[in-house]
Amino acid sequence: EAGVAQSPRYKIIEKRQSVAFWCNPISGHATLYWYQQILGQGPKLLIQFQNNGVVDDSQLPKDRFSAERLKGVDSTLKIQPAKLEDSAVYLCASTKGGGDTQYFGPGTRLTVL
Amino acid sequence: AQSVTQLDSHVSVSEGTPVLLRCNYSSSYSPSLFWYVQHPNKGLQLLLKYTSAATLVKGINGFEAEFKKSETSFHLTKPSAHMSDAAEYFCVVRGNNAGNMLTFGGGTRLMVKP
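If you read the protein sequences in the order shown, they are chains A and B.
Just so it is clear: in the first sequence, position 69 is 69 by the numbering used here, and no numbers are missing.
Just so it is clear: in the second sequence, position 91 is 91 by the numbering used here, and no numbers are missing.
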């Protein structure tokens, strides 16, 4: 069974530019999560989708971050415009249902200069 | 509300000696608890999980953890460290509410000396 796929693996941009990350969850997994992991810290949940609907986006900085999962499968996380403090690893995870184990992708490492 | 405190940011052991990574949690619900490992430039991998069954949980690669409700602890142990165990370890709590939200600790970096 293929794992959670993410791309790109690395991205370097300048502040005020825009960037997008893509995630393809494990086949059949209805729930998808985006996390932000700042260097030296544990991951922090940004947004949770159940199929194509948002379950929790209370920690998503909505003035600059947006995410969508239009067809209930893959998802895109966007930052516009980026700030220096957005430098982090962005992790995607998925589960079959709400109470199941979350499986994580390899992450996208974003550097904002 | 839920939170996790990993008591050591760095732990250094010699190969072949026991490993102890400490974790305390706080949760308004009966929690599910996890340990994840993160090797450099790799994704998070589940080591083990506690979901209200046996309090001593065995995981992959010889790791185990014991849930102690009276101490609100979920420490991770391994009898004998291997060089390949060097990585970042995260203790995670999940409240049994609708969102399945995970709260991560700050992580413990395990270093293994030859």
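Please keep in mind that the hints were generated in silico from the structure rather than gathered at the bench.
The reader is advised that the hints may include incorrect statements.
To be verified - Computed cross-link-like contacts, BS3-like style, restricted to lysine-lysine with a CA-CA straight-line distance of at most 30 Å:
{"id": "1", "chain 1": "B", "residue 1": "K49", "chain 2": "A", "residue 2": "K44"}
{"id": "2", "chain 1": "A", "residue 1": "K44", "chain 2": "A", "residue 2": "K11"}
{"id": "3", "chain 1": "A", "residue 1": "K15", "chain 2": "A", "residue 2": "K96"}
{"id": "4", "chain 1": "B", "residue 1": "K58", "chain 2": "B", "residue 2": "K68"}
{"id": "5", "chain 1": "B", "residue 1": "K69", "chain 2": "A", "residue 2": "K96"}
{"id": "6", "chain 1": "A", "residue 1": "K44", "chain 2": "B", "residue 2": "K69"}
{"id": "7", "chain 1": "B", "residue 1": "K42", "chain 2": "A", "residue 2": "K78"}
{"id": "8", "chain 1": "A", "residue 1": "K62", "chain 2": "A", "residue 2": "K78"}
{"id": "9", "chain 1": "A", "residue 1": "K44", "chain 2": "A", "residue 2": "K83"}
{"id": "10", "chain 1": "A", "residue 1": "K15", "chain 2": "A", "residue 2": "K44"}
{"id": "11", "chain 1": "B", "residue 1": "K42", "chain 2": "A", "residue 2": "K96"}
{"id": "12", "chain 1": "A", "residue 1": "K96", "chain 2": "B", "residue 2": "K49"}
{"id": "13", "chain 1": "B", "residue 1": "K113", "chain 2": "B", "residue 2": "K69"}
{"id": "14", "chain 1": "A", "residue 1": "K11", "chain 2": "B", "residue 2": "K69"}
{"id": "15", "chain 1": "B", "residue 1": "K113", "chain 2": "B", "residue 2": "K42"}
{"id": "16", "chain 1": "A", "residue 1": "K11", "chain 2": "A", "residue 2": "K62"}
{"id": "17", "chain 1": "A", "residue 1": "K96", "chain 2": "B", "residue 2": "K68"}
{"id": "18", "chain 1": "B", "residue 1": "K58", "chain 2": "B", "residue 2": "K42"}
{"id": "19", "chain 1": "A", "residue 1": "K62", "chain 2": "B", "residue 2": "K42"}
{"id": "20", "chain 1": "B", "residue 1": "K68", "chain 2": "B", "residue 2": "K49"}
{"id": "21", "chain 1": "A", "residue 1": "K96", "chain 2": "A", "residue 2": "K83"}
{"id": "22", "chain 1": "A", "residue 1": "K71", "chain 2": "B", "residue 2": "K42"}
{"id": "23", "chain 1": "B", "residue 1": "K58", "chain 2": "A", "residue 2": "K96"}
{"id": "24", "chain 1": "B", "residue 1": "K58", "chain 2": "B", "residue 2": "K69"}
{"id": "25", "chain 1": "B", "residue 1": "K42", "chain 2": "A", "residue 2": "K15"}
{"id": "26", "chain 1": "A", "residue 1": "K71", "chain 2": "A", "residue 2": "K96"}
{"id": "27", "chain 1": "A", "residue 1": "K15", "chain 2": "B", "residue 2": "K68"}
{"id": "28", "chain 1": "A", "residue 1": "K11", "chain 2": "B", "residue 2": "K68"}
{"id": "29", "chain 1": "A", "residue 1": "K11", "chain 2": "A", "residue 2": "K71"}
{"id": "30", "chain 1": "A", "residue 1": "K78", "chain 2": "A", "residue 2": "K15"}
{"id": "31", "chain 1": "A", "residue 1": "K83", "chain 2": "B", "residue 2": "K58"}
{"id": "32", "chain 1": "B", "residue 1": "K58", "chain 2": "A", "residue 2": "K11"}
{"id": "33", "chain 1": "A", "residue 1": "K11", "chain 2": "A", "residue 2": "K78"}
Right, here's what the structure says about each hint:
{"no.": "1", "hint": "K49(B) / K44(A)", "verdict": "holds (19 Å)"}
{"no.": "2", "hint": "K44(A) / K11(A)", "verdict": "holds (20 Å)"}
{"no.": "3", "hint": "K15(A) / K96(A)", "verdict": "violated (36 Å)"}
{"no.": "4", "hint": "K58(B) / K68(B)", "verdict": "holds (15 Å)"}
{"no.": "5", "hint": "K69(B) / K96(A)", "verdict": "holds (28 Å)"}
{"no.": "6", "hint": "K44(A) / K69(B)", "verdict": "holds (25 Å)"}
{"no.": "7", "hint": "K42(B) / K78(A)", "verdict": "holds (22 Å)"}
{"no.": "8", "hint": "K62(A) / K78(A)", "verdict": "holds (10 Å)"}
{"no.": "9", "hint": "K44(A) / K83(A)", "verdict": "holds (18 Å)"}
{"no.": "10", "hint": "K15(A) / K44(A)", "verdict": "holds (22 Å)"}
{"no.": "11", "hint": "K42(B) / K96(A)", "verdict": "holds (22 Å)"}
{"no.": "12", "hint": "K96(A) / K49(B)", "verdict": "holds (17 Å)"}
{"no.": "13", "hint": "K113(B) / K69(B)", "verdict": "violated (33 Å)"}
{"no.": "14", "hint": "K11(A) / K69(B)", "verdict": "violated (43 Å)"}
{"no.": "15", "hint": "K113(B) / K42(B)", "verdict": "holds (21 Å)"}
{"no.": "16", "hint": "K11(A) / K62(A)", "verdict": "holds (21 Å)"}
{"no.": "17", "hint": "K96(A) / K68(B)", "verdict": "holds (29 Å)"}
{"no.": "18", "hint": "K58(B) / K42(B)", "verdict": "holds (23 Å)"}
{"no.": "19", "hint": "K62(A) / K42(B)", "verdict": "holds (28 Å)"}
{"no.": "20", "hint": "K68(B) / K49(B)", "verdict": "holds (14 Å)"}
{"no.": "21", "hint": "K96(A) / K83(A)", "verdict": "violated (34 Å)"}
{"no.": "22", "hint": "K71(A) / K42(B)", "verdict": "holds (28 Å)"}
{"no.": "23", "hint": "K58(B) / K96(A)", "verdict": "holds (23 Å)"}
{"no.": "24", "hint": "K58(B) / K69(B)", "verdict": "holds (17 Å)"}
{"no.": "25", "hint": "K42(B) / K15(A)", "verdict": "holds (26 Å)"}
{"no.": "26", "hint": "K71(A) / K96(A)", "verdict": "holds (16 Å)"}
{"no.": "27", "hint": "K15(A) / K68(B)", "verdict": "violated (46 Å)"}
{"no.": "28", "hint": "K11(A) / K68(B)", "verdict": "violated (42 Å)"}
{"no.": "29", "hint": "K11(A) / K71(A)", "verdict": "holds (25 Å)"}
{"no.": "30", "hint": "K78(A) / K15(A)", "verdict": "holds (14 Å)"}
{"no.": "31", "hint": "K83(A) / K58(B)", "verdict": "violated (42 Å)"}
{"no.": "32", "hint": "K58(B) / K11(A)", "verdict": "violated (38 Å)"}
{"no.": "33", "hint": "K11(A) / K78(A)", "verdict": "holds (13 Å)"}
Hints 3, 13, 14, 21, 27, 28, 31 and 32, counting from the list given before, are not met by this structure.
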